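Based on the provided sequences and hints, a complete structural model is requested.
Number of protein chains: 4
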Amino acid sequence: MPSKKNQQRGPIQAGDIHSFGNMPIPKLTPELLSLVRTGDVFSLEQILEPGIPFWPGHPPVLIAPYMRHGDLPDLAPATVGNEIVNLPIHGGTHIDALAHIGKIKNGKPELYGGISAESAMDNTGFTAHGAENFPPVILKGTLLDIAAAKNLDVLPDSYGITGEDIRACEKKQNVTVEKNTAVLIRTGFSRYWKVDNDRFSNKGAGLNIDGAHYLAERNIALVGADTEAVEQWPFDPQGPPLPVHTFLLVENGITHVESLYLDKLAAAKTYEFLFIALPLRIRGATGSHIHPIAIT
Amino acid sequence: MPSKKNQQRGPIQAGDIHSFGNMPIPKLTPELLSLVRTGDVFSLEQILEPGIPFWPGHPPVLIAPYMRHGDLPDLAPATVGNEIVNLPIHGGTHIDALAHIGKIKNGKPELYGGISAESAMDNTGFTAHGAENFPPVILKGTLLDIAAAKNLDVLPDSYGITGEDIRACEKKQNVTVEKNTAVLIRTGFSRYWKVDNDRFSNKGAGLNIDGAHYLAERNIALVGADTEAVEQWPFDPQGPPLPVHTFLLVENGITHVESLYLDKLAAAKTYEFLFIALPLRIRGATGSHIHPIAIT
Amino acid sequence: MPSKKNQQRGPIQAGDIHSFGNMPIPKLTPELLSLVRTGDVFSLEQILEPGIPFWPGHPPVLIAPYMRHGDLPDLAPATVGNEIVNLPIHGGTHIDALAHIGKIKNGKPELYGGISAESAMDNTGFTAHGAENFPPVILKGTLLDIAAAKNLDVLPDSYGITGEDIRACEKKQNVTVEKNTAVLIRTGFSRYWKVDNDRFSNKGAGLNIDGAHYLAERNIALVGADTEAVEQWPFDPQGPPLPVHTFLLVENGITHVESLYLDKLAAAKTYEFLFIALPLRIRGATGSHIHPIAIT
Amino acid sequence: MPSKKNQQRGPIQAGDIHSFGNMPIPKLTPELLSLVRTGDVFSLEQILEPGIPFWPGHPPVLIAPYMRHGDLPDLAPATVGNEIVNLPIHGGTHIDALAHIGKIKNGKPELYGGISAESAMDNTGFTAHGAENFPPVILKGTLLDIAAAKNLDVLPDSYGITGEDIRACEKKQNVTVEKNTAVLIRTGFSRYWKVDNDRFSNKGAGLNIDGAHYLAERNIALVGADTEAVEQWPFDPQGPPLPVHTFLLVENGITHVESLYLDKLAAAKTYEFLFIALPLRIRGATGSHIHPIAIT
Chain A
3 MPSKKNQQRG
13 PIQAGDIHSF
23 GNMPIPKLTP
33 ELLSLVRTGD
43 VFSLEQILEP
53 GIPFWPGHPP
63 VLIAPYMRHG
73 DLPDLAPATV
83 GNEIVNLPIH
93 GGTHIDALAH
103 IGKIKNGKPE
113 LYGGISAESA
123 MDNTGFTAHG
133 AENFPPVILK
143 GTLLDIAAAK
153 NLDVLPDSYG
163 ITGEDIRACE
173 KKQNVTVEKN
183 TAVLIRTGFS
193 RYWKVDNDRF
203 SNKGAGLNID
213 GAHYLAERNI
223 ALVGADTEAV
233 EQWPFDPQGP
243 PLPVHTFLLV
253 ENGITHVESL
263 YLDKLAAAKT
273 YEFLFIALPL
283 RIRGATGSHI
293 HPIAIT
Chain B
3 MPSKKNQQRG
13 PIQAGDIHSF
23 GNMPIPKLTP
33 ELLSLVRTGD
43 VFSLEQILEP
53 GIPFWPGHPP
63 VLIAPYMRHG
73 DLPDLAPATV
83 GNEIVNLPIH
93 GGTHIDALAH
103 IGKIKNGKPE
113 LYGGISAESA
123 MDNTGFTAHG
133 AENFPPVILK
143 GTLLDIAAAK
153 NLDVLPDSYG
163 ITGEDIRACE
173 KKQNVTVEKN
183 TAVLIRTGFS
193 RYWKVDNDRF
203 SNKGAGLNID
213 GAHYLAERNI
223 ALVGADTEAV
233 EQWPFDPQGP
243 PLPVHTFLLV
253 ENGITHVESL
263 YLDKLAAAKT
273 YEFLFIALPL
283 RIRGATGSHI
293 HPIAIT
Chain C
3 MPSKKNQQRG
13 PIQAGDIHSF
23 GNMPIPKLTP
33 ELLSLVRTGD
43 VFSLEQILEP
53 GIPFWPGHPP
63 VLIAPYMRHG
73 DLPDLAPATV
83 GNEIVNLPIH
93 GGTHIDALAH
103 IGKIKNGKPE
113 LYGGISAESA
123 MDNTGFTAHG
133 AENFPPVILK
143 GTLLDIAAAK
153 NLDVLPDSYG
163 ITGEDIRACE
173 KKQNVTVEKN
183 TAVLIRTGFS
193 RYWKVDNDRF
203 SNKGAGLNID
213 GAHYLAERNI
223 ALVGADTEAV
233 EQWPFDPQGP
243 PLPVHTFLLV
253 ENGITHVESL
263 YLDKLAAAKT
273 YEFLFIALPL
283 RIRGATGSHI
293 HPIAIT
Chain D
3 MPSKKNQQRG
13 PIQAGDIHSF
23 GNMPIPKLTP
33 ELLSLVRTGD
43 VFSLEQILEP
53 GIPFWPGHPP
63 VLIAPYMRHG
73 DLPDLAPATV
83 GNEIVNLPIH
93 GGTHIDALAH
103 IGKIKNGKPE
113 LYGGISAESA
123 MDNTGFTAHG
133 AENFPPVILK
143 GTLLDIAAAK
153 NLDVLPDSYG
163 ITGEDIRACE
173 KKQNVTVEKN
183 TAVLIRTGFS
193 RYWKVDNDRF
203 SNKGAGLNID
213 GAHYLAERNI
223 ALVGADTEAV
233 EQWPFDPQGP
243 PLPVHTFLLV
253 ENGITHVESL
263 YLDKLAAAKT
273 YEFLFIALPL
283 RIRGATGSHI
293 HPIAIT
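Protein chains in written order, with this note's numbering: chain A, 3 to 298; chain B, 3 to 298; chain C, 3 to 298; chain D, 3 to 298.
Note that these hints are calculated values from the structure, not bench results.
Hints may be right or wrong, so weigh each one.
Intra- or inter-copy, both count: the list cannot distinguish identical chains.
Result set (DSSO-like, lysine-lysine): computed pairs, CA atoms no more than 30 Å apart in a straight line [stated by the list, open to error]: (1) LYS173 / LYS266; (2) LYS29 / LYS266; (3) LYS196 / LYS107; (4) LYS29 / LYS271; (5) LYS107 / LYS152; (6) LYS107 / LYS181; (7) LYS110 / LYS173; (8) LYS110 / LYS196; (9) LYS29 / LYS205; (10) LYS266 / LYS205.
Bear in mind the structure is a predicted one, so any value in this text is a computation, not a measurement.
This is the structure in structure tokens:
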């Protein structure tokens with residue numbers, strides 16, 4: 003699959019809407035509307051709080067009261083509370099910006115579209131492929147319950163999901179992975195969330211490079227999972243590191259949504275739905291927390 | 003308008019969907035779907051970045067690279083970037099949780115539903131009315147372009163929007179403020195965003211108590227504006243502080259969406275639309291940044 | 003021992019020097035100078051870095067580059083690096099301000115000198131007994147190597163050091179604990195620093211209330227230890243929580259220096275020395291990291 | 003003056019004492035002791051608090067309560083307070099580590115001793131010349147009250163202090179700048195601290211390159227000032243940026259102490275004293291806040 007050049011268009015402004023990587027310009031088309039039958043809404047976000055699993059290479063989460071009700075007596079009878087929030091963008095339910103992952107070519111890290119990572123980053127963040135470029139994400143969503151398709155509650159630790167696994171799941175669920183869609187993969191690993199964080203972070207089932215190729219050939223818009231990496235973790239030690247991340251994000255502009263909560267949606271056995279996620283447009287950041295939903 | 007008791011239901015879990023304050027349980031009903039004509043999507047979020055206006059009583063914003071592409075040579079050829087993000091929840095486009103505002107009654111601050119603020123807060127945040135309770139927000143949206151209704155580009159500094167102003171705008175736009183809707187008020191103050199932050203933060207046009215009563219009588223779900231306070235700022239020095247915040251949030255469970263970007267939507271002159279916002283479920287926090295959209 | 007009223011003197015200014023709790027006004031007297039024989043300097047600070055032990059009720063440590071050499075090409079040929087530093091004041095080698103600990107009296111928490119904790123704290127920190135009140139600490143220091151006095155490399159987990167233990171150590175070392183001095187207690191627990199953080203944080207040998215009484219009767223200026231709490235941890239479950247902290251800090255104004263590194267000083271078997279620590283004057287904070295030294 | 007190669011010695015451990023740049027190994031020698039006459043102690047630190055001046059390229063200061071007395075009812079009758087402290091290392095009274103400044107040579111930034119800045123920095127900080135290398139600073143201090151020597155209360159904005167200015171001040175004060183000493187320059191700019199931060203940060207009097215050469219020829223250990231840069235600010239636009247920083251730190255290993263409070267010391271007209279500063283050993287950081295003292 004050829005990588006596509008992402009044309010830079012100058013600083014993103016409030017209200018701008020455009021494509022990002024392999025994601026189309028958002029539009030709520032009749033085809034998408036036809037996915038809505040009951041109008042029921044499923045929240046696919048894990049609660050964001052201290053104690054959630056995340057990779058130690060990321061900064062720590064902190065949610066702490068700053069001003070408490072009663073601190074400003076001059077405002078009486080009104081009172082105000084607020085807090086300090088330090089978020090590790092890549093812990094909790096989030097979407098990766100394409101600035102998150104690069105690949106060394108000719109000795110230098112490159113981002114999607116052949117952009118030099120070094121020239122795109124300084125202490126203010128990234129000037130290309132940063133989170134301020136995120137459009138609203140409004141797509142057909144397809145849930146692939148790989149665990150259920152294998153008659154399992156949860157996939158084995160570090161299981162590598164192949165193209166054949168996806169094909170078998172499509173057949174069992176009677177769905178087809180299509181172009182411009184959000185593919186959500188359920189492994190069952192949510193059961194380890196905050197219960198066995200080491201397992202959640204370090205032994206996640208996920209796509210191997212074969213599974214990633216399968217999805218890229220279908221030209222999907224993005225891929226999500228109920229795991230921290232979407233990718234099989236650890237990746238195959240015989241091959242290069244992070245093969246799925248580099249293949250999907252850097253080569254194909256297909257980004258990841260990680261640490262989704264999919265169990266209630268899977269229990270409803272509704273495999274096709276309207277998927278909406280609204281990433282925060284944080285200037286120069288490598289991703290954003292999101293609260294994605296499925297409308298069935 | 004009587005305040006309603008909000009029944010607490012134990013810790014919110016991933017996937018839980020319920021009402022919050024005056025917001026209904028989310029459902030994409032046929033009535034809401036009928037608002038979608040072209041399917042065009044408007045982004046109503048200001049870009050989140052250093053230099054945006056926010057009230058000094060809130061913690062500072064910080065978006066700073068942490069790991070840069072090339073920092074982990076063992077991962078070659080893959081490279082990874084991430085960052086530290088410290089967000090002032092109440093700066094930038096955001097929605098207030100009901101834990102944000104209280105009112106002193108019998109000498110003690112109370113939140114919506116008569117909950118004691120003191121007993122609901124500790125160093126981990128709020129145990130009631132915190133952001134983890136946010137449902138997806140899926141509502142009929144109504145834009146009230148108060149500035150345009152007065153044939154102005156921007157309302158005067160500190161202008162107090164009355165019920166009569168709203169009524170006149172409804173008439174001019176041929177719309178009616180209805181129950182269970184998101185009402186978005188345009189003052190034109192976005193022109194001062196990052197250009198004249200002092201004016202944006204300290205002299206915002208906004209609802210006065212009369213305008214707030216008008217909206218509460220219509221039993222709306224939430225009210226937003228293209229200003230930092232939604233409320234006229236400063237409020238009337240003759241009356242109690244923060245009269246609109248306390249009346250709407252504490253007495254009526256009608257929350258605020260602040261610092262919206264409404265100019266492109268207003269330019270389209272489409273005053274009724276499908277409004278979607280997906281607040282992050284941050285445990286115990288007093289609000290969340292959002293990237294709200296209007297689908298017309 | 004009667005508690006002493008600490009007279010508040012208005013906001014501390016740069017350069018102000020005064021007493022703090024039981025610490026005298028600093029002066030390098032001939033008596034103190036007589037402690038200096040070789041002039042050798044011992045650093046008593048543990049390196050401050052991620053991965054150090056600290057109690058989970060404190061915010062996380064973060065030391066992360068912000069600007070890197072090369073980020074500001076306009077400055078060439080000069081280059082600049084800096085960082086973001088988030089410090090948990092009570093992790094790492096530090097001194098407690100008297101604002102750190104209170105005791106409930108008549109239903110309300112009180113600080114040293116009968117000051118109401120509630121009226122002294124708001125979102126800007128403490129208006130009484132905060133770290134900006136710290137004078138330079140210049141005292142006679144006495145090392146009590148309790149472990150060595152018992153012919154041990156390290157005291158048993160959670161061992162409670164009694165007055166009799168201190169008396170026996172004084173005798174063995176041929177020293178006497180005196181008024182206005184800094185008493186540094188060595189337990190040997192530094193061996194667990196970053197090696198067994200759980201043990202360091204949760205099973206520290208330390209003063210029990212009997213040992214604390216012994217030191218307070220000698221009217222010392224402050225007490226330090228090579229442990230996280232100075233106090234036996236956990237404290238005796240039959241008695242009230244934090245008995246040593248409340249007795250020393252709240253009742254006697256005798257503050258704590260925690261997580262000292264004493265092994266090299268102890269190896270030199272020099273038990274009396276000039277002790278210097280220079281706490282940062284952080285407005286309203288409950289303590290400060292320090293780099294204390296012993297000059298022998 | 004030739005640059006000296008700083009030999010790296012592996013990770014610094016707690017208790018290690020060694021030299022740093024041009025600073026000698028600390029020892030309280032008889033020569034230093036002879037500087038102590040009255041034993042009086044002067045605090046040379048500005049209070050560290052929100053609202054202090056610092057350069058916008060540095061992260062913001064935050065001192066905010068985290069746990070408040072009463073938050074942990076299980077500890078009653080004991081109560082505990084602590085806070086979140088985010089420190090901009092280069093705002094407030096601080097000492098620069100040699101990792102702070104580099105100079106591009108052969109196209110790459112180099113630190114003191116010819117160390118490659120790029121190879122010495124990653125997301126954990128600096129592996130060379132970081133703050134964990136700081137020894138206790140125990141030196142003869144010499145105050146040069148340049149303002150008073152010119153019969154001024156405060157030097158003119160952006161005044162460049164020359165070697166001749168220093169020579170004249172030495173003569174007037176009857177002192178000599180000597181090898182291995184801490185030279186503290188008083189400009190009078192403390193009067194702008196928190197009163198006119200823009201002036202303090204952006205128009206500071208300070209050393210020009212001629213003055214820096216004069217001090218380096220004397221082979222001093224470090225230079226401090228009551229300004230944010232020590233160096234004349236802005237520097238001469240005809241020459242290279244940051245000429246004094248690069249000459250002193252990178253070429254000579256002579257570090258800076260910035261934003262000192264010198265007014266009370268200057269009022270005492272005691273120009274030679276024992277200078278002590280005890281920098282925190284923060285792994286990989288580019289400096290440390292300090293509370294320096296003069297003992298006269």
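Status of the hints after comparison with the structure:
1. LYS173 / LYS266: Only inside one copy: LYS173 and LYS266 sit 21 Å apart there, 44 Å across copies, limit 30 Å.
2. LYS29 / LYS266: For LYS29 and LYS266, the Cα distance is within 30 Å both inside one copy (27 Å) and across copies (16 Å).
3. LYS196 / LYS107: neither (38 Å within a copy, 38 Å between copies)
4. LYS29 / LYS271: both (26 Å within a copy, 18 Å between copies)
5. LYS107 / LYS152: neither (39 Å within a copy, 58 Å between copies)
6. LYS107 / LYS181: within (28 Å within a copy, 51 Å between copies)
7. LYS110 / LYS173: Answer is neither: 42 Å inside a copy and 57 Å across each miss the 30 Å cutoff.
8. LYS110 / LYS196: neither (37 Å within a copy, 36 Å between copies)
9. LYS29 / LYS205: neither (37 Å within a copy, 36 Å between copies)
10. LYS266 / LYS205: Classified as within; 23 Å inside a copy, 43 Å across copies.
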